[in-house]
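As given, the protein sequences belong to chains F and R, one line each in that order.
Just so you know, our numbering puts 28 at position 25 of the first sequence, and the rest follows in order with no gaps.
Just so you know, our numbering puts 160 at position 140 of the second sequence, and the rest follows in order with no gaps.
Careful, some of the hints might be misleading.
Stated by the list, open to error - Cross-link-like lysine to aspartate or glutamate pairs, in silico, DMTMM-like; alpha carbons within 25 Å at most: (1) F:56 x F:164; (2) F:137 x R:77; (3) R:86 x F:180; (4) F:139 x R:151; (5) R:86 x F:184; (6) F:139 x R:135; (7) F:137 x R:106; (8) F:139 x R:77; (9) F:137 x F:124; (10) F:256 x F:184.
Bear in mind the hints are in silico, worked out from the structure with no lab data behind them.
Only a predicted model underlies this, so the values are computations on that prediction, with no experimental measurement involved.
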Amino acid sequence: MTAQPNLQAIRSAGEAHEAVVTSVDLRREIEAVEIEQVLAQLDRELIGLLPVKTRIREIASLLLVERIRRKMALATTFPTLHMSFTGNPGTGKTTVALRMASILHRLGFVRRGHLINVTRDDLVGQYIGHTAPKTKEILKKAMGGVLFIDEAYYLYRPENERDYGQEAIEILLQVMESQREDLVVILAGYGDRMEKFFQSNPGFRSRIAHHIDFPDYGETELLAIAELMLVEQNYRFSPEAREAFVRYIALRKAQPLFSNARSIRNALDRIRLRQASRLVADIDRVLTSEDLTLIEAGDVLASRVFSGGSDAPIKQT
Amino acid sequence: MRITQGCFSFLPDLTDDQIKSQVQYCLDKGWAVSIEFTDDPHPRNTYWEMWGLPMFDLRDAAGIMKELADCRRVYGDRYIRICGFDSSHGWESVRISFIVNRPAHEAGFRLDRQESVGRNIRYATRSYANDRPEGERYQSR
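In isolation and in its complexed conformation, chain R is listed as follows:
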């Protein structure tokens, strides 16, 4: 199941040139761009691992594309996203985030139903990939 989180996730995967122009857009707006990765793409897992620190004071997307290439080399089998952080007063939060790398096979989620008191049902979303230990979840079997 294809995961749809952040911007552009209903579109076909962005090409490197498209990623580059999105990153350049962020930089032109004065946002700090950061790269994050995870192998636990649960919708409520908002804190992904950081690939280095957010990159402040950059002018050109080339530096970030270099970092993205490095990140892909190490964590190419995981989800990687790019975030643009707006530090200006009143915003002080992430303005954009989009997925730039996916595992070859996305296992998807299972919906668990638990019957509780009365006729209540509790729901839980569980990633099939999470049955395996961290770091091995998206490796080809």
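Looking at chain F on its own, in the form it has when it is part of the complex:
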């Protein structure tokens, strides 16, 4: 639509160079990078997380505009893309980071679009002189993609002044500043501890452009997540089991060590275990696919949570 007058404008101006564009068809631009598919997939596969999705859409729009500005030679510096994801365990930080990598890749802000997932152990060495090569090796692996540092606050241990974490932090900060076009760093962790981490390392806060907070899931969202997980594995709840699971979520959520979607996945794993042993207990029956997919109320109700026990990760039910 706008492309044709644009072409005429160039012709009439007698410009030979095509490198600098003067106007851009936004729709075509969006279709060219196929960004909508990634965002739609995000909407479809991730339940809840509305503020996160909104922020990601905002960032995607910002980057799209930035991309067009670069085409028009209006942007002079490379934007800072480092992010921090804060939220409780199991709220989808890693999953979103993976999507972020592919969004950045489609928009051309990282060259390869892979995600390297590391924790303190991968960056910090065990003796003097071990940390720098280790951190640098990880950074080299992450070049052209996204480096995701889970539980980033463990890098900084104020109680031990000889801790090697500080060395890793310094190398990280240096690369985050000087090689912004080569890699994007995403720090993740619990909200309050990340806040403390940023306070003691102001260098990080100033180098991070986007802070995204991941809220806890509501009970209905957790149920929707459970059903999505079951559908993916070709299982389904019977109506009574579904009702029992609603009660399970309410009870489990009040217990300590509840980690949102991850707890739900663990609960489902245990439920599948109980379903399997229920099926195997009766040797003489003929199993149909219906039997194999259906989860009965008994499978859910056998959980320790209902008898006042804990369903924390360490204990088996």
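Guided by the hints, dock chain R onto chain F, whose structure is given.
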């Protein structure tokens, strides 16, 4: 005398962008890229010093270019080459190697002839630079 070893050595020296795209080619093939340097470029000296370990599991050439810049900073007066090692079954060897850094002045080689029994002649190639101790061979005088 300009030394011609490995790929591209009859071409003008590669620019950093050209090196980067060659390295990216290696990485896209799944080869492990390593950086090596020496000040004894005798054709039979196949074992150059390693600048760190071969870099496995890299996706992008930027990391290697960073290492190359570091290596040049320290050994800019020596020969530096980049090797691509293919670990896949049946190959398990270096698939490509090319020189990415040369000393400002390349001294070249001298051919020694030694007359031995009968009318036999033994030949030896000797680098002029090797008259000086290791580490000082290509420093500007």
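Against the structure, the hints come out as follows:
no.	hint	in the structure
1	F:56 x F:164	violated (39 Å)
2	F:137 x R:77	holds (14 Å)
3	R:86 x F:180	holds (14 Å)
4	F:139 x R:151	violated (37 Å)
5	R:86 x F:184	holds (13 Å)
6	F:139 x R:135	violated (54 Å)
7	F:137 x R:106	holds (23 Å)
8	F:139 x R:77	holds (13 Å)
9	F:137 x F:124	holds (10 Å)
10	F:256 x F:184	violated (42 Å)
Figure legend: structure checked against the earlier numbered hints; hints not met, in rising order: 1, 4, 6, 10.
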